[in-house]
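Each chain, written out:
4 protein chains.
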Amino acid sequence: MQRPAETTKPALGVGMVGYAFMGAAHSQGWRTVGRVFDLPLRPAMAAICGRDPDAVRAAAEKHGWAAAETDWRALIARDDVQLVDICTPGDSHAEIAIAALEAGKHVLCEKPLANSVAEAEAMVEAARRARERGQIAMVGFNYRRTPAIAHARRMVRDGRLGVLRHVRVSYLQDWIVDPEFPLVWRLRREHAGSGALGDLGAHIVDLAQYLAGEPLVGVSALTETFVRERPLPAGTATTGLGGQAGGAARGPVTVDDAALFSGRMASGALASFEATRFAAGRKNALRIELNGERGSLAFDLERLNELHFHDHTEPATDAGFRRILVTEPEHPYLEAWWPAGHALGYEHTFVHQARDLVLAIDARTEPEPSFADGLQVQRVLAAVEESAEKNCVYTPVPA
Amino acid sequence: MQRPAETTKPALGVGMVGYAFMGAAHSQGWRTVGRVFDLPLRPAMAAICGRDPDAVRAAAEKHGWAAAETDWRALIARDDVQLVDICTPGDSHAEIAIAALEAGKHVLCEKPLANSVAEAEAMVEAARRARERGQIAMVGFNYRRTPAIAHARRMVRDGRLGVLRHVRVSYLQDWIVDPEFPLVWRLRREHAGSGALGDLGAHIVDLAQYLAGEPLVGVSALTETFVRERPLPAGTATTGLGGQAGGAARGPVTVDDAALFSGRMASGALASFEATRFAAGRKNALRIELNGERGSLAFDLERLNELHFHDHTEPATDAGFRRILVTEPEHPYLEAWWPAGHALGYEHTFVHQARDLVLAIDARTEPEPSFADGLQVQRVLAAVEESAEKNCVYTPVPA
Amino acid sequence: MQRPAETTKPALGVGMVGYAFMGAAHSQGWRTVGRVFDLPLRPAMAAICGRDPDAVRAAAEKHGWAAAETDWRALIARDDVQLVDICTPGDSHAEIAIAALEAGKHVLCEKPLANSVAEAEAMVEAARRARERGQIAMVGFNYRRTPAIAHARRMVRDGRLGVLRHVRVSYLQDWIVDPEFPLVWRLRREHAGSGALGDLGAHIVDLAQYLAGEPLVGVSALTETFVRERPLPAGTATTGLGGQAGGAARGPVTVDDAALFSGRMASGALASFEATRFAAGRKNALRIELNGERGSLAFDLERLNELHFHDHTEPATDAGFRRILVTEPEHPYLEAWWPAGHALGYEHTFVHQARDLVLAIDARTEPEPSFADGLQVQRVLAAVEESAEKNCVYTPVPA
Amino acid sequence: MQRPAETTKPALGVGMVGYAFMGAAHSQGWRTVGRVFDLPLRPAMAAICGRDPDAVRAAAEKHGWAAAETDWRALIARDDVQLVDICTPGDSHAEIAIAALEAGKHVLCEKPLANSVAEAEAMVEAARRARERGQIAMVGFNYRRTPAIAHARRMVRDGRLGVLRHVRVSYLQDWIVDPEFPLVWRLRREHAGSGALGDLGAHIVDLAQYLAGEPLVGVSALTETFVRERPLPAGTATTGLGGQAGGAARGPVTVDDAALFSGRMASGALASFEATRFAAGRKNALRIELNGERGSLAFDLERLNELHFHDHTEPATDAGFRRILVTEPEHPYLEAWWPAGHALGYEHTFVHQARDLVLAIDARTEPEPSFADGLQVQRVLAAVEESAEKNCVYTPVPA
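Just so you know, the sequences run in chain order A, B, C and D. The first sequence begins at 67 in the numbering used here and counts up one residue at a time. The second sequence begins at 67 in the numbering used here and counts up one residue at a time. The third sequence begins at 67 in the numbering used here and counts up one residue at a time. The fourth sequence begins at 67 in the numbering used here and counts up one residue at a time.
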């Protein structure tokens with residue numbers, strides 16, 4: 067029998083910048099999304115970009131990209147690239163994203179949107195102009211695409227929680243508990259912008275606002291750097307979490323190890339946040355709880371297929387937090403996957419993100435989360451840093 | 067066969083003030099402690115005191131007290147009372163405790179020690195003078211006597227956590243989520259001093275400091291009263307959590323519904339606290355987690371027989387939070403109870419508290435937690451209120 | 067003020083035989099029940115009986131019994147004893163219970179009712195005759211009195227599960243995993259009747275039938291004794307689980323270490339059972355799950371304040387096992403205890419058992435579980451042993 | 067920059083038969099494995115085969131197969147196919163697998179290996195002959211490739227459990243609880259061979275023997291069909307779990323709805339099994355517990371990234387089941403995936419299965435699980451059916 071007829075779907079050429087952890091995750095997303103979801107466009111993995119020629123060529127072959135580039139400007143200039151996917155550290159986001167938008171490309175930018183509010187504002191402005199030309203700009207808060215989170219959002223929107231009283235979020239990791247863990251790029255302000263705050267805090271601020279459906283209006287914050295100096299990595303340490311400590315040389319840690327902040331949502335609900343890389347035994351414990359007058363929701367990323375819901379309108383004798391296994395065909399994104407009860411994993415959030423972006427590009431609808439959403443998160447992070455510097459004083463988040 | 071020989075143990079006459087929820091719990095403690103533990107003194111339930119003659123007489127009969135009094139001064143004056151156990155709302159603690167101490171009695175005082183720092187300071191001074199006369203004064207932070215908490219304290223003391231990085235504590239309840247729940251005494255500042263802060267926050271501040279083995283040195287805080295006005299209770303509402311809403315009359319809620327605060331421990335560890343009565347579905351969720359360089363501990367009062375421990379010195383492939391069922395005969399207090407695996411409950415903390423107090427009285431050792439410990443908690447609560455009033459600014463806790 | 071007026075409630079004199087683990091637990095029940103529940107009769111702890119004069123006198127004093135006896139016939143003969151509470155090993159149950167019933171006393175007999183079906187049948191006959199004289203005979207399946215179990219029974223009775231399909235029960239302990247644990251009385255057939263089967267299996271057979279509301283009609287079984295010989299205890303080992311291994315002498319283990327059996331309920335539901343003392347790490351893991359067409363229930367004695375319920379009539383997207391904290395005032399037995407969220411423990415089952423028995427004696431209603439219920443369990447255990455001897459063949463349980 | 071150099075790795079052409087649920091899962095495995103793992107051969111998705119020309123062509127395009135065939139003999143005959151991956155119902159496994167082996171192809175065959183022992187024996191014989199020619203034949207017990215299961219096997223092999231006492235396994239689903247769910251192919255003996263037994267029981271028998279490292283030597287079993295008649299599906303119902311009920315026509319369910327069996331392992335350990343599709347609320351609850359003299363392990367497929375381990379050699383006060391998050395780089399298969407704490411899902415088992423098969427083909431090592439392992443499972447299932455027919459009598463499993 068013959069080869070299946072070539073699909074007649076139009077292609078959407080993707081060019082990706084960066085090929086470390088996020089690059090691998092996004093690659094898995096692009097490789098899979100068209101095979102699982104029925105999309106109006108066919109994502110084509112056109113080219114990948116990185117500075118080291120050998121490494122980027124190896125990454126292209128490994129992850130399935132058709133071509134490799136060493137200059138992101140060349141990537142943007144390619145005719146076969148309609149969408150630029152930015153997976154680099156935060157210090158380069160603004161420059162690449164703005165250039166890509168100005169070149170007429172759609173953009174997906176990893177979180178946090180930028181390392182400063184000023185950069186994020188410039189990106190939003192570029193996205194606004196591009197939007198008028200029909201381009202889409204999305205920021206990569208991938209956890210919104212966890213089916214349990216997406217289902218939780220639906221439940222909040224449907225009024226299952228009633229008036230919101232509390233949002234309680236923490237993101238606990240432990241990968242730098244050891245003081246001898248080396249000084250990788252994520253621990254240096256010039257590359258990462260901030261530490262646990264920008265890396266983990268950005269996720270939980272976005273999720274809190276997304277799930278609540280309302281912004282934070284002010285915060286009070288404490289931050290801390292427990293280990294002020296660490297061994298320098300053996301070689302270059304710009305491409306991942308890892309890196310071997312190399313010899314006696316040490317350098318200063320210039321970002322926060324942990325950030326605690328509390329605040330008020332627009333509705334008057336209280337919110338508490340904790341982001342840390344020093345919670346021994348907690349590997350990826352992004353935990354969220356929302357309490358409302360009619361019910362509560364709870365989630366833990368370490369058990370990402372589960373959502374816990376308490377219906378406070380039920381008789382007290384029969385009420386309690388129920389563990390919803392978010393794997394039913396009717397749950398968000400699940401129609402494309404396996405029968406009920408078969409777990410998804412972390413990387414599926416990138417497949418779902420790719421799906422939602424492709425749909426938005428095709429329908430020319432406003433993407434979610436937009437660069438404006440990313441800017442709002444950036445403003446919260448800036449308010450957190452300001453409060454931490456000003457003796458924790460309550461600091462409004464500009465609207 | 068004849069009646070068992072009367073014990074030759076000297077009696078310790080107990081007089082209790084108050085007979086609501088705490089009175090019932092303390093009664094169960096006094097009734098049970100000598101039957102389960104082998105004590106040097108025989109606690110005798112000499113007299114109970116309350117303002118309503120009929121009610122206090124009924125309480126005496128129900129709970130097994132030999133006599134009833136309507137004036138706490140008369141109770142203190144009784145020759146058969148050597149220990150005064152104060153279970154009233156916080157506004158009367160200082161007066162009763164100081165009078166009892168001055169009358170030469172030992173004192174057990176429910177938490178919070180007082181409704182203000184000034185009262186607590188006076189109580190500490192009275193306890194100091196009484197101590198010179200050999201009297202014991204203890205404050206009733208009963209959760210220290212949960213076997214899992216006591217075992218956790220041992221593990222921290224033994225260095226199982228190493229350098230402490232985080233203390234994370236919350237106490238979540240939901241009994242006033244309904245805006246029509248009536249304005250009981252616990253919601254009125256003149257009786258309760260504060261709301262969730264004094265009731266729940268006092269417990270978690272004490273536990274955080276106890277488990278860490280070090281004090282909080284400063285805090286930043288947010289408080290909130292979500293429901294500002296509630297129906298007045300039908301009758302008197304001074305005797306418990308309960309009360310039926312009665313008619314259209316409403317009154318102002320004059321305490322906090324929720325309090326969020328963060329701070330620094332003396333060692334530099336970060337601490338976060340949340341106390342609320344608005345967490346729908348959380349009934350008695352006092353949760354504690356401590357993260358150190360060598361390990362972590364976690365506890366939830368809703369599963370009070372369990373302690374979770376992560377040993378960070380183990381190989382990562384085999385490490386994880388282990389659920390220790392704290393029911394082994396070698397665990398604190400367990401030698402007196404049931405075989406391994408048989409759960410204890412809430413009220414056992416009062417039995418254990420009675421045991422520790424009787425042992426301290428007999429041995430004339432310093433009781434723990436002392437009135438000074440109670441004062442320290444009071445100072446933290448005062449700093450929390452000050453910070454909340456001053457726009458969350460970081461507020462030192464006086465040493 | 068004067069002593070509270072003596073209660074005018076009629077007394078119910080209790081005489082207890084045995085003072086080991088079960089004796090202590092029953093004592094705590096009798097000591098507490100009248101203080102917590104409002105009963106029509108006042109239980110009086112009249113006398114306790116044991117063979118060793120010094121030991122029984124010490125037990126009387128420790129546990130609060132007014133008198134001590136060394137001959138159970140003398141105990142039964144006492145005028146101040148109206149209820150005989152039998153806490154001895156199973157080999158003496160029949161003789162004592164029948165004598166007590168014939169002497170006109172009410173009887174509470176620890177489980178298993180007897181060591182053989184024949185004994186149990188004689189006890190049922192004695193109870194039947196006594197019932198005509200207004201006496202009450204109850205068997206001590208205390209776990210029925212766990213609030214979560216009692217609430218589960220209500221839910222099944224209310225039809226929340228619909229047609230029953232599966233009952234899945236296991237009772238896992240680990241106290242004899244060590245082959246050097248000594249040969250205590252519970253490991254000797256002449257005293258204990260059987261091993262895990264009678265000790266643990268009796269509980270789970272009773273609970274399965276109680277919760278389902280229907281009997282097992284047949285079983286297929288496997289039993290095993292993993293460790294066939296153990297060191298003899300140092301001294302007498304008749305008074306508890308414990309005992310120190312003493313020297314080189316060894317004796318044969320003559321009971322089962324573990325029993326696995328499956329069967330059919332009267333309705334056609336399938337049931338599976340496992341009782342073992344060799345499940346390392348499981349201390350008291352009595353687990354039950356029932357699956358019906360409309361819902362499911364799950365329980366674990368190691369978390370005895372919780373009941374898990376899945377409502378299969380809800381939309382699949384929002385359904386899941388909910389954790390009901392069975393501590394609401396409206397839950398069975400809870401009206402007498404603490405506010406919502408405050409945990410009860412193992413020993414409360416004995417307080418509740420005492421309450422239900424006192425109420426049955428006062429109202430002269432049929433007690434539950436009756437001796438006939440105990441006999442039915444005994445018949446199941448006998449069928450299990452018969453099946454295990456006959457190569458697992460399916461063995462009917464006589465009606 | 068130019069396209070990355072074509073890889074020089076030799077290709078391994080894969081031809082897959084079947085494109086329903088298992089076909090989709092295997093496709094995801096083949097599509098991903100070479101992108102994530104560094105393999106010596108490059109899997110090429112050469113052709114897919116199904117009976118319906120349009121459907122198979124659509125499946126080829128959707129899942130990324132280069133060609134489509136409608137006759138499995140044609141698929142086997144293709145020069146670009148070196149490995150035949152069989153994802154059809156069990157009734158066709160033997161014919162296809164034997165033909166493929168005789169044609170010189172490697173074979174991966176979904177579980178259960180066959181619908182009868184005779185078929186399975188013929189397949190093992192074919193595999194034995196093929197092995198002499200250097201061909202590999204593997205059976206698809208994919209759950210062995212869950213990292214937690216693979217890690218558990220390592221721990222057992224390393225002696226962490228000591229002498230094994232208990233294996234306790236259940237596989238609970240609920241997709242046919244509704245009596246109106248239609249009569250799909252999985253409910254008809256002629257296609258599926260058996261019901262819950264072959265579908266779910268095969269998995270848990272394989273896992274029990276794999277983890278224990280020893281075979282079952284005999285079983286006693288009960289099976290049941292709760293709902294004996296169901297509506298016929300609207301159209302053809304051969305391609306999945308699903309199917310819409312169509313009209314009034316009904317047909318008999320000819321397989322078991324549930325199977326309970328117990329048995330003995332070669333070492334004398336006891337094992338219990340339950341497979342059911344009638345456990346309301348349990349979606350994919352494959353649960354395993356092993357208890358040994360030195361420790362215990364527990365696993366639940368609904369939380370597949372976790373393994374629970376109790377180390378019984380630790381002091382009792384600090385011991386308990388620890389939750390190991392099996393996402394460390396050092397855990398099996400994890401070196402190729404994400405940083406610690408990032409969850410994998412169900413489909414990753416197929417990626418890992420593909421990896422292990424490719425490695426075995428390249429190294430010409432004995433694959434695991436082999437067809438002989440599949441035959442052994444088949445013999446257990448046959449013994450289960452024989453015991454169930456013979457009144458549960460204990461039935462040896464032939465070696």
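It should be emphasised that the hints constitute simulated quantities derived from the structure, not laboratory data. Remember, it's a predicted structure, so these values are computed and weren't measured experimentally. C-beta: ideal position from N, C-alpha, C; glycine also. Incorrect hints may appear among the rest.
[To be verified] Result set (DSBU-like, lysine-lysine): computed pairs, CA atoms no more than 35 Å apart in a straight line:
id, chain 1, residue 1, chain 2, residue 2
1, A, Lys128, D, Lys128
2, B, Lys456, C, Lys456
3, A, Lys456, B, Lys456
4, A, Lys75, D, Lys128
5, C, Lys75, B, Lys128
6, C, Lys456, D, Lys128
7, D, Lys128, D, Lys75
8, B, Lys128, C, Lys456
9, C, Lys75, C, Lys128
10, B, Lys75, C, Lys456
11, B, Lys75, B, Lys128
12, D, Lys75, A, Lys128
[As the list claims (entries may be wrong)] Derived contacts from chain A toward chain C, CB cut-off under 10 Å, selection only:
id, residue
13, Phe103
14, Asp104
15, Leu105
16, Leu107
17, Met111
18, Asp145
19, Asp146
20, Glu256
21, His378
22, Thr379
23, Pro381
24, Arg388
[To be verified] Cβ pair distances, simulated, as ranges:
id, chain 1, residue 1, chain 2, residue 2, range
25, A, Pro245, B, Asp224, 19 to 25 Å
26, B, Arg316, A, Glu455, 39 to 45 Å
27, A, Arg360, B, Lys456, 30 to 36 Å
28, D, Ala169, A, Thr74, 34 to 40 Å
29, A, Glu455, B, Ala465, 54 to 60 Å
30, D, Pro318, C, Asp428, 40 to 46 Å
31, B, Ala314, A, Arg220, 19 to 25 Å
32, A, Phe87, D, Arg430, 42 to 48 Å
33, B, Gly228, A, Glu256, 46 to 52 Å
I'd like to know which numbered hints this structure contradicts. Please list them from smallest to largest.
Those not satisfied are hints 2, 6, 8, 10, 13, 14, 15, 16, 17, 18, 19, 20, 21, 22, 29, 30, 31, 32 and 33.
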